[in-house]
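Quick note, the sequences are listed as chains H and G, same order.
To convert, count from 1 in the first sequence and add 899; that's the numbering used here.
To convert, count from 1 in the second sequence and add 577; that's the numbering used here.
No lab work stands behind these hints, which were simulated from the structure alone.
Hints may contain errors.
Unchecked claim - Computed cross-link-like contacts, SDA-like style, restricted to lysine to any residue with a CA-CA straight-line distance of at most 25 Å:
id	chain 1	residue 1	chain 2	residue 2
1	H	LYS1009	H	ALA1024
2	H	LYS1327	G	ALA631
3	H	LYS1009	H	MET1167
4	H	LYS1327	G	ARG617
5	H	LYS1053	H	ASN1148
6	H	LYS1070	G	ASN711
7	H	LYS980	G	GLY632
8	H	LYS1108	G	ARG629
9	H	LYS1303	G	ARG617
10	H	LYS980	G	PHE807
11	H	LYS1327	G	LEU640
12	H	LYS1271	H	MET1167
This is what each chain is made of:
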Amino acid sequence: MNPTRRRLPVAVAAFAVGGLLTACGTSGSKASGPATLTYWGWDQGQAAAVKSFNASHKDVQIKYTKITDATAPQQLTNAFKAGNAPCLMQSTAEYVTTYVSQGMLADISKWIAPHKAQFNAGAYAGTLVQDKVYGVATSSSPAFTIYRTDVFKKYGLKPPATWDDVIAAGKTLKAHGIKITNYAGEDPSTLETLAMQAGAHWYGIDGDKWKVNFQDPATLKAAAVIQQIIDDNLNSSLSFSDYAAVQRNYDTGGTVTRQISTWQMAGMVKNFTKSLGQWALAPWPTFNGEAPRTPAGTNKSGGLNVVTSQCKDRAQAAQAALWLSTDPGAVKIMADPATGDGLMPAVADASPFIDNALPKTLLGDSYDASKKVVTDSFPLVATDWTFGPDWTAMYTEMATGWAKVMTKQQKVTDLLAHMQQWTVNDLKSRGISVEG
Amino acid sequence: MVRAQRWKGAGFTAPFLLGFVFLYVVPIGYAVERSLFTVRQSGLGLSGGTTRFAGLHNYQRGLSDSTFLGAVWRVFLFACVQIPAMLVISLLLALLLDYLAGRVANRFRVALLVPYMIPGVVAAIVWVNLYSPNVGPLTALGKVFGWSWNFFAPSMVWPSIGNLLTWHGIGYNMLIIYAALQSVPRELFDAARVDGASELRIALRIKVPYVRGALVLTGMISIIGMLQIFNEPMLFRHVTPQTVTDSFTPIMVIYNQAFNAGDYNYAAALSVLLAVLLGAASYVFYRLTTREGT
Chain H
900 MNPTRRRLPV AVAAFAVGGL LTACGTSGSK ASGPATLTYW GWDQGQAAAV KSFNASHKDV
960 QIKYTKITDA TAPQQLTNAF KAGNAPCLMQ STAEYVTTYV SQGMLADISK WIAPHKAQFN
1020 AGAYAGTLVQ DKVYGVATSS SPAFTIYRTD VFKKYGLKPP ATWDDVIAAG KTLKAHGIKI
1080 TNYAGEDPST LETLAMQAGA HWYGIDGDKW KVNFQDPATL KAAAVIQQII DDNLNSSLSF
1140 SDYAAVQRNY DTGGTVTRQI STWQMAGMVK NFTKSLGQWA LAPWPTFNGE APRTPAGTNK
1200 SGGLNVVTSQ CKDRAQAAQA ALWLSTDPGA VKIMADPATG DGLMPAVADA SPFIDNALPK
1260 TLLGDSYDAS KKVVTDSFPL VATDWTFGPD WTAMYTEMAT GWAKVMTKQQ KVTDLLAHMQ
1320 QWTVNDLKSR GISVEG
Chain G
578 MVRAQRWKGA GFTAPFLLGF VFLYVVPIGY AVERSLFTVR QSGLGLSGGT TRFAGLHNYQ
638 RGLSDSTFLG AVWRVFLFAC VQIPAMLVIS LLLALLLDYL AGRVANRFRV ALLVPYMIPG
698 VVAAIVWVNL YSPNVGPLTA LGKVFGWSWN FFAPSMVWPS IGNLLTWHGI GYNMLIIYAA
758 LQSVPRELFD AARVDGASEL RIALRIKVPY VRGALVLTGM ISIIGMLQIF NEPMLFRHVT
818 PQTVTDSFTP IMVIYNQAFN AGDYNYAAAL SVLLAVLLGA ASYVFYRLTT REGT
């Protein structure tokens, strides 16, 4: 689910250069006149949105720098250590708690909390740590299934409504040499999103302690689904670093469903030659007998702009971020796949932007029905998920174990037991209070 | 007079010295200093941490860190196989070039250097694509001969990386050895030929002993480079993450500690430890290979 990772090699190279550049950069100007806010981000369209901000503001100006997304956390950490972090920084929701735990972010509740109603609930939740606001949401994450209509029709299948349906359809397709889904060995986000959906809380705050729980019934429910898919060989296992192969496999009908958000479709449109028009959207599968619920944004779709604690003009920075997320002009630039990245905006009512974000070439006759699937998914996103203060380290460890799950060297439950122990120990070794 | 000249001479080293001090000595000093501290958090860990003096604690931790030591050992074993193989091939090619001499040799020399001109990361990306069982040409090529090889299989990771490193490193090593060969007095060959020695015998008895110094040098550079291996396994990690773990090589452990775990101080200590280890390994290698004196 994470094509950004295929850019790692480039990122590794860019990282070295980036480190040098940031070391030479200076933080915002301290001269009198308009306040200058430095802003780092990587999305297409940010430069244009910033230009529009600068044109309409006299007292505050934004100085924008485009950075490499795959190493953004490292670049920010390095800049912070060197004392020249930018004022505003693009981030994804999963890093916010880690940044806060390193004292890198400013609490901007004062300026942002009053505007809560302007945001999509799921996107807004991703900007909070312990009810304090640390960022301004830029994108929301409608989540759904995309599937091959021609293949499903050929074998008399209906789009899967539940995870049990996914497994059942997978078994039917397997008989014809077709895989229901793709699990990349380096990317445990499937486990994360299914656990989120099931209502798991890997990290929670209990009074003055963290509560770590990777083995609650919800996570085990998610684990059971994944384990069955792996055990029955219903999935392909192509790595996203072999991106061309991943896309070709979808295009040629080797694998026929994905659980995605809107932004992944751009890559499909770009790489497909045979199957354009043969895809349709269906609601994200539910757990048997449960109300529909979609995972909170991970990765690219849980976007926000944070204000760093090294920023001198916090109020202006918070307000600038608010403008970038809510000004109709700026939002339109970012949401349009032609000028931006085609991300769903984080505004409360994102329905006007769906038209543009869904590619007609890919969805063909299913376009109108697919639009409804996206609209319907907006209120379903989980808002009660918490990312832990050592999320990055935990996720790296989990990725290693996930790879072993993919190659059947261990079960998902083995991985979860290991993560439980590992995470508790890791938090303890940092001096953080933890139970679990 | 002499004194003034000395200063003049020293003046020529100033640019180097300046770079050396600012780009090596100062950062190393900073790393050593950082390695003596540790960041402790408290409560929920949501209010930043406090930096405290920790003495040698990070070093103690590093010396008993099975992940780090395991990574060093893993790479050391790999080096024992890949480096000799690469040097033998480089030596053979250098001997061949020396034997051919002239214009033909020049043409080959440039061709053999081409892989070295390609940046390491790019080379790794190129090979990852060549190896790919899905889109790479090597899998299809294997099928023609009836082989079904998978370069990303867990057992093939080291051979695949080894092949890439060898391909990348041969040109450079060959050039150094070839340069050394050029300095062998030509009369020796004539004398040997007059005595009836075959070209093979000349190569083994005269040329190889003469380039020993160059072999030691290239060997040492290779060992140092190998223990710092990072790009290649980092890229291979994407295709076989179950084999190439996040702590596969020493530098990957350090990278992981600094940028994923956020423990810069421990990463600094591990970096210093690795540097000391490298220094020791180079010293031992140098002593072992030159003990008879040349």
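Numbers of the earlier hints that this structure fails to satisfy, in rising order: 3 and 9
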